[in-house]
Amino acid sequence: MEKIMIDPITRLEGHGKIAIFLDDGGNVAESYLQIPEFRGFEKFCQGRPVEEVPRIVPRICGV
Amino acid sequence: MSNNDKAKFAFYWASSCGGCEIAVVDIDAVILDVAALGDIVFWPCATDFKYKDVEGYDDGFIDITFFNGAIRNDHEEHVAKLLRQKSKVMIAFGACSGLGGIPGLGNFYTTEELFQQAFEHSPSTVNPDNVRPQPSYDVPEGTVTIPAILDSVRALDQVVQVEYYIPGCPPQPQWIAAAVTAYAEGKLPPPGAVIAGESTVCDECPREKSDEKSITEIKRIHLVENDPEKCLLEQGIMCCGPATRSGCEAACVVAGQACRGCFGPTDEVVDMGAKLVSSIASIAVPETQEEIDALMAQVDDPAGYFYRFSLPTSMLFRSIHDMTEGQ
Numbered sequence: 056m057e058k059i060m061i062d063p064i065t066r067l068e069g070h071g072k073i074a075i076f077l078d079d080g081g082n083v084a085e086s087y088l089q090i091p092e093f094r095g096f097e098k099f100c101q102g103r104p105v106e107e108v109p110r111i112v113p114r115i116c117g118v
Numbered sequence: 028m029s030n031n032d033k034a035k036f037a038f039y040w041a042s043s044c045g046g047c048e049i050a051v052v053d054i055d056a057v058i059l060d061v062a063a064l065g066d067i068v069f070w071p072c073a074t075d076f077k078y079k080d081v082e083g084y085d086d087g088f089i090d091i092t093f094f095n096g097a098i099r100n101d102h103e104e105h106v107a108k109l110l111r112q113k114s115k116v117m118i119a120f121g122a123c124s125g126l127g128g129i130p131g132l133g134n135f136y137t138t139e140e141l142f143q144q145a146f147e148h149s150p151s152t153v154n155p156d157n158v159r160p161q162p163s164y165d166v167p168e169g170t171v172t173i174p175a176i177l178d179s180v181r182a183l184d185q186v187v188q189v190e191y192y193i194p195g196c197p198p199q200p201q202w203i204a205a206a207v208t209a210y211a212e213g214k215l216p217p218p219g220a221v222i223a224g225e226s227t228v229c230d231e232c233p234r235e236k237s238d239e240k241s242i243t244e245i246k247r248i249h250l251v252e253n254d255p256e257k258c259l260l261e262q263g264i265m266c267c268g269p270a271t272r273s274g275c276e277a278a279c280v281v282a283g284q285a286c287r288g289c290f291g292p293t294d295e296v297v298d299m300g301a302k303l304v305s306s307i308a309s310i311a312v313p314e315t316q317e318e319i320d321a322l323m324a325q326v327d328d329p330a331g332y333f334y335r336f337s338l339p340t341s342m343l344f345r346s347i348h349d350m351t352e353g354q
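Heads up: the protein sequence lines correspond to chains G and W, in order. According to this note's numbering, the first sequence holds residues 56 to 118 in order. According to this note's numbering, the second sequence holds residues 28 to 354 in order.
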């Protein structure tokens, strides 16, 4: 099955790519949006002083 | 692909938040100088060039790549190497690419610990099958892939050679403008230079410093009313100013918050944690070992304060408990 990759997706905040699979007729059979980002804020905020968290989590998205 | 005589600029974000892209826009009218100087040939946030376009460029085609974000996965490592090959000058732009930044706090944990909290234990997660991100996944139509997380977060210069650093979280407009102007005038400093101040945040902090022994206890900033005229550290509030490079005009301290070291260490500081322990000790009132131990025990999260933005490039690099556990 033919696969078209849009990599990276652009003009937005964040990282992503799209895989589009075409059927024999050249029509879209299925497409997948993939988000390749992971940093682990869920973990590394744990145990930090609570007053520091507002100084860490703005870096989840700085736009 | 642009083939005129104008300079070629690229901007990239690896493991980042997008704040560095905003910093670029924050240079205000200087952005017009950038546009006059050169063409942008890659900038995912703002333009529609793809990775395959970059792959098609000749080696050294890009004059300057402004690279923000840490290296957290194998794709970011690949793009760092690709852009290095295509660029004459690489600038580590911002705290994440220069020091490891906030994503670098991930180096306190194993990848499994990070995944476990995000995909299993967090209160808002519903994941009964305990699904984890798979670098490669077969779907009925074929295979889709995402990057693999690396064991440790690294700064850009731990992956490729870097010529210059523009520090800060985010970088400040005056230093971005200084770098652009220096390039335009052919006056870039020797490679390795950090394009920012040369002293410490304390040196540009307007708060009054007595240089007398004054710390009797460590205080949490939200539990005390601090004197806005006096040095925060001397009031017992953890502040990373003594170890941190100047250039931000003490922005956080002026706003009533303590410095957290986003400009990284000065040239004279080997390790921010060591420097800060030394700074606290020099103005601490307690003198006996027991009193000093009791004082330092009041610092809730020393590693999280001292290496907030710089764990991957500090002497620690990462927590090694995973290695003893054989992971």
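Hints in this document: simulated from the structure, not taken from any laboratory. Since this is a predicted model, take the numbers as computed values, not measurements. Accuracy of the hints is not assured; some may be wrong.
Dumping the calculated EDC-like pairs for lysine to aspartate or glutamate here, alpha-carbon to alpha-carbon at most 16 Å [to be verified]:
#1 58/G <-> 168/W
#2 246/W <-> 106/G
#3 79/W <-> 62/G
#4 58/G <-> 86/W
#5 115/W <-> 86/W
#6 77/W <-> 62/G
Far from chain G, by Cβ distances over 12 Å, these chain W residues were calculated [stated by the list, open to error]:
#7 31
#8 57
#9 145
#10 186
#11 217
#12 231
#13 234
#14 250
#15 317
#16 342
Covered stretches of chain W (chain G as the covering partner; in silico rule of three or more C-beta atoms under 8 Å from a C-beta of chain G) [stated by the list, open to error]:
#17 62-74
#18 97-104
#19 109-118
#20 160-173
#21 303-312
Yeah, the Cβ is synthetic: ideal placement off N, Cα and C, and Gly gets one too.
Checked hints:
no., hint, in the structure
1, 58/G <-> 168/W, "9 Å, holds"
2, 246/W <-> 106/G, "12 Å, holds"
3, 79/W <-> 62/G, "8 Å, holds"
4, 58/G <-> 86/W, "28 Å, violated"
5, 115/W <-> 86/W, "8 Å, holds"
6, 77/W <-> 62/G, "6 Å, holds"
7, 31, "22 Å, holds"
8, 57, "20 Å, holds"
9, 145, "4 Å, violated"
10, 186, "17 Å, holds"
11, 217, "31 Å, holds"
12, 231, "20 Å, holds"
13, 234, "19 Å, holds"
14, 250, "8 Å, violated"
15, 317, "24 Å, holds"
16, 342, "19 Å, holds"
17, 62-74, "holds (count 4)"
18, 97-104, "holds (count 3)"
19, 109-118, "violated (count 0)"
20, 160-173, "holds (count 8)"
21, 303-312, "violated (count 0)"
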